[in-house]
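**Student:** Sequence:
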Amino acid sequence: MRKAFEERLEELGVTFLEFKALVHLKSAKTQKDLLKEMNVSKSTASKVLSSLERKGIVKRERRGKAYIVELTDKGLEVLKAIEEAGKELEEKMFAQMTSKEKSEFLSLLKKAIDGLEVSR
1 MRKAFEERLE ELGVTFLEFK ALVHLKSAKT QKDLLKEMNV SKSTASKVLS
51 SLERKGIVKR ERRGKAYIVE LTDKGLEVLK AIEEAGKELE EKMFAQMTSK
101 EKSEFLSLLK KAIDGLEVSR
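By my numbering, the letter at position 109 of the sequence shown is numbered 109, and the numbering carries on one by one without gaps.
Please keep in mind that the hints were generated in silico from the structure rather than gathered at the bench. No experiment lies behind these values; they were computed from the predicted model shown. There may be inaccurate statements among the hints.
Stated by the list, open to error - Taking lysine to any residue pairs in the SDA-like style, the calculated list, with each CA pair at most 20 Å apart, reads:
#1 102 to 118
#2 92 to 109
#3 20 to 6
#4 29 to 2
#5 20 to 64
#6 92 to 105
#7 74 to 54
#8 36 to 23
#9 20 to 65
#10 102 to 2
#11 87 to 68
#12 29 to 50
#13 74 to 112
#14 87 to 106
#15 55 to 17
Said to hold, decoys possible - The calculated label-pair distances, taken between Cβ atoms and stated as ranges, are:
#16 73 to 4: 34 to 44 Å
#17 66 to 103: 16 to 26 Å
#18 60 to 95: 32 to 42 Å
#19 115 to 74: 15 to 25 Å
#20 27 to 98: 33 to 43 Å
#21 47 to 76: 14 to 24 Å
#22 95 to 116: 19 to 29 Å
#23 16 to 113: 17 to 27 Å
#24 6 to 116: 37 to 47 Å
#25 103 to 43: 34 to 44 Å
#26 63 to 41: 37 to 47 Å
#27 117 to 16: 18 to 28 Å
#28 56 to 116: 33 to 43 Å
#29 41 to 116: 31 to 41 Å
C-beta: ideal position from N, C-alpha, C; glycine also.
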């Protein structure tokens with residue numbers, strides 16, 4: 001599933017790490033807050049944002065001591081296309097399951113994820 005999603009991201013001209021940044025940028029935020037949410041180093045966040053900025057997907061604006069990062073119109077379009085691609089992949093993934101099977105699968109997956117969170 002991830003490979004198929006990454007291939008779709010590549011078609012849209014975005015890497016997986018750039019996608020991760022876009023998801024967190026649905027609303028404008030400081031560069032510092034973004035790197036905390038993405039759980040990446042300052043240099044990694046800077047590289048990702050520079051790449052997205054070159055592509056015209058985000059813009060950074062200095063406000064006081066902080067840089068505010070926000071999606072451009074192109075960025076909003078790319079994010080929408082990514083969300084649509086995710087929905088398409090999800091539909092394909094669950095196409096062979098009944099709604100009951102899908103519900104059970106998601107419930108078990110949530111339980112497994114919750115178990116990982118507890119063990120941290």
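**Student:** Which hints from the list above does the structure break, by number from lowest to highest?
**Tutor:** Violated hints (numbers, rising): 1, 4, 5, 9, 11, 13, 16, 17, 19, 24, 26, 29; every other hint is consistent with the structure.
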